[in-house]
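Visitor: So the chains spell out like this:
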Amino acid sequence: SQTIHQWPATLVQPVGSPLSLECTVEGTSNPNLYWYRQAAGRGLQLLFYSVGIGQISSEVPQNLSASRPQDRQFILSSKKLLLSDSGFYLCAWSSGPYEQYFGPGTRLTVT
Amino acid sequence: QKEVEQNSGPLSVPEGAIASLNCTYSDRGSQSFFWYRQYSGKSPELIMSIYSNGDKEDGRFTAQLNKASQYVSLLIRDSQPSDSATYLCAVYAGGTSYGKLTFGQGTILTVHP
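One line per chain: the protein sequences are A and B, in this order.
Just so we're aligned, residue -4 is where the first sequence starts under this note's numbering, counting upward by one.
Just so we're aligned, residue 8 is where the second sequence starts under this note's numbering, counting upward by one.
Hints listed in this document are in silico derivations from the structure and should not be mistaken for laboratory results.
None of these values were measured; they are calculated from a predicted model.
Cβ atoms here follow ideal geometry from the backbone N, Cα and C, with glycine treated the same way.
Just so you know, nobody snuck in bad clues.
Simulated restraints, written as ranges between beta carbons of each label pair:
1. P120(B) with R102(A): 21 to 31 Å
2. E22(B) with G47(A): 45 to 55 Å
3. R84(B) with S72(A): 41 to 51 Å
4. S47(B) with T23(A): 26 to 36 Å
5. A34(A) with N14(B): 15 to 25 Å
6. N58(A) with R84(B): 41 to 51 Å
7. G38(A) with Q38(B): 17 to 27 Å
Let's have the full structure, built from the sequences with the hints guiding it.
Guide: Shown next as structure tokens:
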């Protein structure tokens, strides 16, 4: 069966500091991978998606970036965090244009 | 702008009742429809998917799709306090290989004993 991991689970970072969130998927090959952000009391905002190694597409211009160095690894980064980057970051995978399955998420607080 | 609309609620039902959650979408060409449940502080969990008009039942959950009316609903029978959560409707409009989903804002459901 497929499993998706995210770490860290929670993170408190000062404004201007860098960020690296990691997501890995087990039990499947060549998944589509997604990064979402959910601000407090808000809906899900798609940030990035990837259909293969090194293939990243951005949905929303911002100070975040994503990379996919391996087939089942997806990384979300920032060089300098803003207060507005606070939120619940969710990684998801799918086998195509079908159901998406979410990881446990990372709760980021920028202070 | 492709939109998915849900009543934000909160929807409050007594234990044992039927909870009815509704969702409308703007893109008439939408192909796939999903319901996710999100407990407070947790990530969304897929509970139902539906692709063709009609009803689809899974245990206490029934998803209903009416493409002509651009409407999808989720019925929860014999509601339990453990069903209290935010329910997210998601729609795949087609046309891409990466399967971008558009999510509604979610409906908060409270089941009281």
